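A.B. asks: Residue-level listing of the chains:
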Amino acid sequence: MFFDPEPFNVVLAVIQWLLTLLVAGGIAVAVAVVLSLSVNGLSGPGKVWRALIRGVRDIVNMSAGRVLAIAGLTWKESFRRQDVLVGVVFVLLFMFAGWFLSSTDLDTPAKPYISFVLTAIRWLILPVALLLSCWGLPADIKARALHTVVTKPVHRSEVVLGRMLGYAGIMTLGVVIMGLVGYIWITRQVPESAQKQLICRVPTYGSLYFLDRTGTRGEGLNVGDVWNFRGFIEGNTKAAAIYNFLNLDVDQLAKDNQLQLEYRFELFRSYKGDIEKAVQAQFVLVNEQADLRVPYPPVPFEVREFADIQTRSAEDDGRLPVITIPRELTYTPEGELSSKTVDLFDDLMAEGNLTVHVRCADPQQYLGAARTDLFIRMPDKSFRLGFAKAIFGTWMMAILVIVLGTTASTFVKGPVATLLTFAMVLTGMTLRPFMSEVLDEYRNAGTVQGGGMLESAYRIVTQMNVQIDMPEGVLTDAIKFIDTQMLEGLLLLQNVIPDFTHFDMTPYVANGFDVPWNNSMMPGIATTLAFILPSLILGYFCLQWRELEAK
Amino acid sequence: MNQMSSRNRKLVYMFLILGLLVPIGALGMPARTRSQAGQPAQSGGMIAQMRHQYRLGETTLGDVDPASATMNLVLLGMRGIAGSVLWVQADEQKRMKNWSELEQTTESIIKLQPRFLPVWRYQGWNLAFNVSAECDAVADRFFWVKRGGKFVMRGIEQNEDASELYHEVGTLFGKKMGRSDEHVQFRRFFRNDPDPRWNGRADEEINPDGIDNYLVAKQYYTEANEKELLPWIEQHIMERSLFRSYPARSQMDYASAIENEGQFDDGTVNAWRTGHNDWVNGYGREIFRTPGGDITLGATPEELEQLAANDPDHSIDDKRFWLDRYQKMTNYTFWAARSEIEAMPEMVEARRKLKVGKDLFNKQDITQAKAMLEEGLKEFETIFDKYPMLLDELEIVEDVIKAQLMWQYVMRLYREEIPENFPMSEVWNRNPHLVNRFNEQFLSKVNSGL
Chain U
1 MFFDPEPFNV VLAVIQWLLT LLVAGGIAVA VAVVLSLSVN GLSGPGKVWR ALIRGVRDIV
61 NMSAGRVLAI AGLTWKESFR RQDVLVGVVF VLLFMFAGWF LSSTDLDTPA KPYISFVLTA
121 IRWLILPVAL LLSCWGLPAD IKARALHTVV TKPVHRSEVV LGRMLGYAGI MTLGVVIMGL
181 VGYIWITRQV PESAQKQLIC RVPTYGSLYF LDRTGTRGEG LNVGDVWNFR GFIEGNTKAA
241 AIYNFLNLDV DQLAKDNQLQ LEYRFELFRS YKGDIEKAVQ AQFVLVNEQA DLRVPYPPVP
301 FEVREFADIQ TRSAEDDGRL PVITIPRELT YTPEGELSSK TVDLFDDLMA EGNLTVHVRC
361 ADPQQYLGAA RTDLFIRMPD KSFRLGFAKA IFGTWMMAIL VIVLGTTAST FVKGPVATLL
421 TFAMVLTGMT LRPFMSEVLD EYRNAGTVQG GGMLESAYRI VTQMNVQIDM PEGVLTDAIK
481 FIDTQMLEGL LLLQNVIPDF THFDMTPYVA NGFDVPWNNS MMPGIATTLA FILPSLILGY
541 FCLQWRELEA K
Chain L
1 MNQMSSRNRK LVYMFLILGL LVPIGALGMP ARTRSQAGQP AQSGGMIAQM RHQYRLGETT
61 LGDVDPASAT MNLVLLGMRG IAGSVLWVQA DEQKRMKNWS ELEQTTESII KLQPRFLPVW
121 RYQGWNLAFN VSAECDAVAD RFFWVKRGGK FVMRGIEQNE DASELYHEVG TLFGKKMGRS
181 DEHVQFRRFF RNDPDPRWNG RADEEINPDG IDNYLVAKQY YTEANEKELL PWIEQHIMER
241 SLFRSYPARS QMDYASAIEN EGQFDDGTVN AWRTGHNDWV NGYGREIFRT PGGDITLGAT
301 PEELEQLAAN DPDHSIDDKR FWLDRYQKMT NYTFWAARSE IEAMPEMVEA RRKLKVGKDL
361 FNKQDITQAK AMLEEGLKEF ETIFDKYPML LDELEIVEDV IKAQLMWQYV MRLYREEIPE
421 NFPMSEVWNR NPHLVNRFNE QFLSKVNSGL
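These protein sequence lines map, in sequence, to chains U and L.
In terms of the numbering used here, the first sequence opens at residue 1 and continues consecutively.
In terms of the numbering used here, the second sequence opens at residue 1 and continues consecutively.
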């Protein structure tokens, strides 16, 4: 598992959200004005304006009591319709899950158990949220129940919000119950030997740059690996991988009187050497300002490659790739004869920063490092906390599905609303990374390798390689024109499709890491919040204009 | 318009239903299992019997994994798509060196395709060869080779008659463990696992008896050969005469390996004898169907004539021609002679002397080394005079030349003249390129003090 340590930029996200809201709102108002002109003539824009004013008033003056009353009704109605029967499926799944997971294999780690529970909860919650939210309002409209409600002093915005809150309540109950059962199941099912893997490591990542064999700043070497994730440094030269950890909470770290560095380096041998001995490396803890360079461990250590904490063999072998640095460090500075003692936290991390130089000790052997390959391991948190965060991610996903589904159900019937919402969820979960990749390429290069949808289809049918230019002619011009327009349209609309990948926190928990606030929780919360207000507005206006007598 | 009353129609339907029950029962009655009634499994309806006869039922192939069966049912025919997606994922995880997840994906693939032998073979090989090669520590490499072997062993549980899978396990435990760069460590770990859970014993899952890796491989190869004889089994790994030679070859690999590790006792002699017996009296007596009719690789001229007499379609010349072709393909004559010679106590003794002489040289006890090397070479000369075919056996030739280089080095140190007809000079004179190559290596070793 490789995590992206880039923090979420809240300010940028809010600006982007406001811009998207303005553009989408502007387009909606423009369309409404044009439609009203065609239907009502010159009085149309005035009607639109009045509707907008009324809308703002309705939304601002919503009554909490009425919203909660509708939410309560929604809650009761769901129980009456036995929507909670999904719990039976959940229980069945867990009864037989042991078939798929339990094994006589002694090396089975905790990871598949955690992944199974979190994935099962996600995929059980999703259809329930989808069906509940997409079928409620259309069923009310069909039964003319909503007709009765809107004749009471209830704003339609309150109907939409009440519905959303009611469904959210049911989902909350479902997620909490499933989460609790799932947690108990994990703790009981995970083999005794793998119980130690139920942890929540808290990594603090730094930035990374390389020094080449002459000691000048450069790139890490590529040793012929197709996957250019790690840069390699040559052993016994001036080459080094330099990690800078900034703004560390030194007081927190100092409580333990030690610092834990966990690594996950890769090795590459240019000659076989002594195969019974692993390639060696050394850390040098550096404080440039104080001119301190403390090697630790004092002698190079054998690198434990791929010995992740999540594999049993590593644990039992005592091969955990963790270097524990004590508070007091004694070393002999270069060119001096007497040894010196320094304080790790007071001397080396005086400004809250720490620089670690990683060097490979064996000549002509190489050590591969990436930014996430070395981190400071803060005090571990409870597995319960990480699991709860992952369940919270699933809950946020359910809330977003409810918001989207309820909104969709205000302007289309149940089946269509279900399809529309499901398409958005599916796109947001699976296709959004691909879409972002394509649009990034289009934004940067002005074109996409292999072309847009039509060009790709043409190439697939004619079995034409992406390196070959399309034949010149009217057809190609037409294809390229349409593709470009579609990509431009997609650029505008990309933010309308929520990124559901933010809600999947399973990889963190399954790999024994805490779910980070900045990289995972924040984007999830921001995505959910970002869709609530626009969806409420859209749902309100759609319900306002919908002919409720129609079945 | 039907004129029958409602009651009559119902009666007709009932009789039709009862009438149909008879052929349905005859055709579709399920088979009893042995455990249920002590009856042979081929009991039951006609379909059940045919399923058993043609070995089309799931249970006839091996254990049915309930998880696998459920998953395939739940996927409602989408197994192919799910399998393809998982294969792509596995490839991506391999590219990103995400071994633990690769293993989990592989588990899912086999749940979907438990009877598809190439999945077991490919993924077992992938874990044992590709993943292990990515690790730096030998213990880690051994771990992944074991994982590959265990993976294919699980394939055997679900495909009991799959000769190819038995052969594959034999290859992983035999050749992979015994011929890799790390073969010294692998062979040691095979008997004394580095995983602390085994307390220095062998991993019981792969080596319950704690024996040599080549002997475990021989057991699997033997099983592969037995399964290969079943009429409904075909192996697609290699030509049949080569495929069936593996148990005997594995026995000889074992004998050769313990000898290379410095074991020169009755155990070595017996190991070679067993190998010779397996080769000549086991493998050499097997009948192979060739374009020239049936032959046995160890057939004497008389036996060949007898085979030709019983085969009206092929002449004795056909038989001779194809016997020669097959013997050359399998290197039959060479291995028969080699195992016979190696099983001789004189040969083991000659090898022991060369080994001891080399060890003494490395310990710089050059006087004793010279004597021991000279004795060993002389004993080799006697054996070579008797079996000149050994002159073409590269492994022995290599051993002899290396010993000669050491012996000559010591002779020069003592300022003694090297006689023209020094022991095994024929090997020396016949292989000048090998002499040059090994001499360079030898001198560089001596000069660097290794």
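Since the hints were made in silico from the structure, they are not lab data.
The model shown is predicted, which means the values in this text are computed figures rather than measured ones.
Hints should not be assumed to be uniformly reliable.
Unchecked claim - As a list, the in silico DMTMM-like pairs of lysine to aspartate or glutamate whose alpha-carbon atoms are at most 25 Å apart:
| id | chain 1 | residue 1 | chain 2 | residue 2 |
| --- | --- | --- | --- | --- |
| 1 | U | LYS277 | L | GLU417 |
| 2 | L | LYS227 | L | GLU302 |
| 3 | L | LYS97 | U | GLU336 |
| 4 | L | LYS445 | L | GLU398 |
| 5 | L | LYS175 | U | ASP274 |
| 6 | L | LYS363 | U | ASP274 |
| 7 | U | LYS272 | L | ASP399 |
| 8 | L | LYS355 | U | ASP291 |
| 9 | U | LYS340 | U | ASP291 |
| 10 | U | LYS272 | L | GLU417 |
| 11 | L | LYS10 | U | ASP291 |
| 12 | L | LYS355 | L | ASP318 |
| 13 | L | LYS363 | U | GLU276 |
| 14 | L | LYS111 | L | GLU92 |
| 15 | L | LYS358 | U | ASP291 |
A.B. asks: Could you grab the alpha-carbon distance between LYS445 (chain L) and GLU398 (chain L) and see if it respects the 25 Å cut-off?
C.D. replies: holds, 16 Å
A.B. asks: Checking one constraint from the list: CA of LYS358 (chain L) to CA of ASP291 (chain U), max 25 Å. Satisfied?
C.D. replies: It is violated: about 55 Å lies between the C-alpha atoms, which goes past 25 Å.
A.B. asks: For the pair supplied as a hint, LYS227 (chain L) and GLU302 (chain L), is the alpha-carbon distance within the 25 Å limit?
C.D. replies: violated, 31 Å
A.B. asks: Take a quick look at whether LYS10 (chain L) and ASP291 (chain U) sit within 25 Å of each other, Cα to Cα.
C.D. replies: Violated, at about 103 Å.
A.B. asks: Holds or violated: are the alpha carbons of LYS355 (chain L) and ASP291 (chain U) at most 25 Å from each other?
C.D. replies: With a Cα-Cα distance of about 57 Å, the restraint between LYS355 (chain L) and ASP291 (chain U) is violated, given a limit of 25 Å.
A.B. asks: Taking 25 Å as the top limit, are the C-alpha atoms of LYS355 (chain L) and ASP318 (chain L) close enough?
C.D. replies: Not OK: LYS355 (chain L) and ASP318 (chain L) at ~46 Å, beyond 25 Å, violated.
A.B. asks: Are the Cα positions of LYS272 (chain U) and ASP399 (chain L) separated by 25 Å at most?
C.D. replies: holds, 23 Å
A.B. asks: Do the alpha carbons of LYS97 (chain L) and GLU336 (chain U) lie within 25 Å of each other, as the hint requires?
C.D. replies: violated, 43 Å
A.B. asks: Please work out if LYS277 (chain U) and GLU417 (chain L) have their alpha carbons no farther apart than 25 Å.
C.D. replies: Violated: LYS277 (chain U) and GLU417 (chain L) sit about 43 Å apart, past 25 Å.
A.B. asks: Measure nothing beyond the straight line between the CA atoms of LYS363 (chain L) and GLU276 (chain U); if it is 25 Å or shorter, mark the hint as holding.
C.D. replies: This hinted pair holds, its Cα atoms lying about 22 Å apart.
A.B. asks: Sort out whether ASP291 (chain U) lies within 25 Å of LYS340 (chain U), counting only the CA atoms.
C.D. replies: Holds, at roughly 13 Å.
A.B. asks: For the pair we were handed, LYS363 (chain L) and ASP274 (chain U), check the Cα-Cα distance against 25 Å.
C.D. replies: Roughly 20 Å between the alpha carbons, so the hint for LYS363 (chain L) and ASP274 (chain U) holds.
In this structure, the hints that do not hold are numbers 1, 2, 3, 8, 10, 11, 12 and 15, in rising order.
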